[in-house]
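Colleague: The task is simple: from the sequences and hints, build the whole structure.
Chains A and B, in that order, are what the protein sequence lines are.
Residue numbers 0 to 456, in numbering that gives the first Met the number 0, belong to the letters of the first sequence in order.
Residue numbers 0 to 456, in numbering that gives the first Met the number 0, belong to the letters of the second sequence in order.
Treat the hints with care, since some could be wrong.
[As the list claims (entries may be wrong)] List time: in silico DSS-like cross-link candidates among lysine-lysine, alpha-carbon distance up to 25 Å: (1) 225/A with 421/A; (2) 319/B with 319/A; (3) 225/B with 225/A.
[Stated by the list, open to error] Which chain B residues face chain A? A few, computed with CB under 10 Å, are given here: (4) 66; (5) 68; (6) 270; (7) 273; (8) 292; (9) 384; (10) 432.
Honestly, the hints are just simulated from the structure, not real lab data.
A virtual CB, placed ideally from N, CA and C, is assigned to each residue, including glycine.
2 protein chains.
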Amino acid sequence: MANQTNSAEVLSNQTQNKLALVQEALDSGALSSIRRMLNGLQPTAIAHLLESSPPQRRVVLWELVDKDQEGEVIQELADNVRAQLLSDMDSSDLAAMTEELEADNVADILQTLPDAVIQEVLAAMSTQNRERVESILSYEEDTAGGLMDPDVITVRPDLTLDVVLRYLRRHEELPHSTYYLVVVNRKDIFLGLLPILKVLTSDPNMTVREVMDTDVTALHFSMPDKEVAKLFEQHDWVMAPVIDDEQRVLGRITIDDVVDVIREGADHSLMSMAGLEEDADTFASVAKTAPRRAIWLGINLLTAIIASSVINLFQGTIDKVVALAVLMPIVASMGGVAGSQTLTVVIRGMALGHIGRANLSWLLSREFQIGLFNGLIWAALMAGVAGWWFNDTTIAGIIAAAMVINLIFAALAGALLPIILKAMRIDPALAGGVALTTVTDVVGFSAFLGLATYFYA
Amino acid sequence: MANQTNSAEVLSNQTQNKLALVQEALDSGALSSIRRMLNGLQPTAIAHLLESSPPQRRVVLWELVDKDQEGEVIQELADNVRAQLLSDMDSSDLAAMTEELEADNVADILQTLPDAVIQEVLAAMSTQNRERVESILSYEEDTAGGLMDPDVITVRPDLTLDVVLRYLRRHEELPHSTYYLVVVNRKDIFLGLLPILKVLTSDPNMTVREVMDTDVTALHFSMPDKEVAKLFEQHDWVMAPVIDDEQRVLGRITIDDVVDVIREGADHSLMSMAGLEEDADTFASVAKTAPRRAIWLGINLLTAIIASSVINLFQGTIDKVVALAVLMPIVASMGGVAGSQTLTVVIRGMALGHIGRANLSWLLSREFQIGLFNGLIWAALMAGVAGWWFNDTTIAGIIAAAMVINLIFAALAGALLPIILKAMRIDPALAGGVALTTVTDVVGFSAFLGLATYFYA
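Modeller: And the structure:
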């Protein structure tokens, strides 16, 4: 019977309740009832539960998953969580677990393991499976070859659709998502795609050549996965063939693999800007999390010291007018916020492929204008606040001027830094924020305290 | 013939070169050659070019696009860019442009227009098209209903596959992505899905009931689009049926529509954390961009003033030891960076549905430990730097203690603030960063200057 839930929202709530029950049962230690509940869930739900659990609890839960579910669950897991669970399994168990999975998913799973273990698992696999998996492992992980599934049905152009239909019927089950057959010549050279829907609706006496789509792109195995994802997104593809240098068909990429790439790519900017790994495990242990974050904090400490040494130059002035110490963080902070707005827009625009030489000057000019506009507005307000606060029109004028200067610098730095960093082959999402706040702190403190030194000297 | 490029990377470079040529031609004003080149591009490439162009250039380019390409191009455009171009068109042109498009895409396009214009365009459409589009417009934009395409092929369970095949063959063309037929009873109640691949490979004398999948979920029209996207991602769906309260089939959602939702959802956190709109147009005009950013800067100015008023309390101490003014931004800055790391991890974990009551205490404890660990490391280093810099062991001890305190507060605030904000129905991605830096600034300045006041008093 069809699922009778009125709405999948309800279903999703039901699943959530089940997850909470499992958690409770784990807390109370009723292992046998947990095992029953756990294995009553779908593999995706089990994977979600594992991802939502702290590392030690994960190990316990994983022990309770039925052997015949393990493969399905492991392929749904995020890389980091998967690596944690696999590290405890021996290679024959691993080989057994991956037996029922598709070759591209097996390759995915193996790629998270050390090389020695990969070799052991491969040795424990059947010859046919080993060859298929090895062929995928030979491609770089983040390329079309690495995403590819070699399980592709090819047909010759001179067959009639009727013959194709009979050929398909000989399969008990077709590879998943076989919505297109790949048309090749005798040398396996790619010729076009034959949509299954056209096989169904066209005259059975027509030939493959007559109905196939030739206005399609085959992807070279070396294409970066992010390019692949962009093409899938732009063209609403569900499947694309992968070819080698001689245009021979190697396999196919399906939309479900591409969705993961899109998700990871979109996470990349967010996580990198905080100095985090893009596929960070939400529940990674302290030992795994602390060092990476420590490095990032260390880099920031360095830039903060640089900013402080700017302040240090103006000790004498601060000693004279202590109100400067009160107000100076405002100038730096506003520059940092304004700059990070520009930076975020530019980093996203670069990821979307919107920004190039042709429109950079336009973008710089717009950011300059926005910096000037917002600088003037908030500088005026801040001048009022500072004048009233310290009853000093000089300090009001100084902070206003420093804010306008810093917001303009912030806008230009936010737009230019990611482009400069990219040209230096440094990831703008990772380094952009640190570089930017260094600029806005240094400019902010210099402008404010420099002007103050001039006027109060 | 098949596309003979050796690699789509080459193709993509070719397209980029064409885009550069178009830009150059626009600069030199050779309009007729631009028109020719422009309309030689695929609709997705034209859309990309429009998105990569400043607003005024967009209008010129749009004028040059052939009438019969307009519909295809407009449906590929980001919402904001689309809205800009449509605002200049009259309703009969709009109606003509959307004639060839699918009803769900037309509804998408119309939703960016003012209500009065929508009514005019609908009135100018053919009756059949109007009814289809109106039925979609009646659903909320960000729900399953709003994503849905009413164009769905349904079959009864008691038909044989042979009859189904003949029925399909009567269609000259099937709706795009018809990889599943939807099985319904006489009252249109949803019963299951019939994969096209099974129709092809099963015995033609079997009935639909015998081969259909019943272990599938139909989505209620009111389900939020983000839930829909999560289900598609988890289950690797390419199509899902949409139902009403009585389980009657209303339409279907296909993966290409869902990919856009995934992309937007992933952009949401990134953009919101800088106070930007998630679907911001990279090349929006100053007039459109400046006000939203100004509001954000205003909010930040307020929090910066709060932090400054904390410093103001300790003017006397700073007057005595001016080195405090030099060092205090370091304490605040390290807290801000450490807190934003935690904040980013938690916001992403919440978006992925990883974080709930069951694991919150574990997460808090981990963040506390990381805060303590990183606090101790960098506090020790900073104490050394400060001691050497100002030749003062008291100030070294004070900055070390303040840093440890602030990093622990930062970790806890980074983990708790998003959860508190969400409970208050405030978007954590939008408000989290401001709330966090307010905490880390106030705690950082208070701890550092408070301790200094105690020791130097």
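Colleague: Each hint: holds or not?
Modeller: Now the hints, each set against the structure:
{"no.": "1", "hint": "225/A with 421/A", "verdict": "holds (16 Å)"}
{"no.": "2", "hint": "319/B with 319/A", "verdict": "holds (11 Å)"}
{"no.": "3", "hint": "225/B with 225/A", "verdict": "holds (23 Å)"}
{"no.": "4", "hint": "66", "verdict": "violated (21 Å)"}
{"no.": "5", "hint": "68", "verdict": "violated (15 Å)"}
{"no.": "6", "hint": "270", "verdict": "holds (6 Å)"}
{"no.": "7", "hint": "273", "verdict": "holds (4 Å)"}
{"no.": "8", "hint": "292", "verdict": "holds (5 Å)"}
{"no.": "9", "hint": "384", "verdict": "holds (7 Å)"}
{"no.": "10", "hint": "432", "verdict": "holds (9 Å)"}
The structure is inconsistent with the numbered hints 4 and 5, although it conforms to all the rest.
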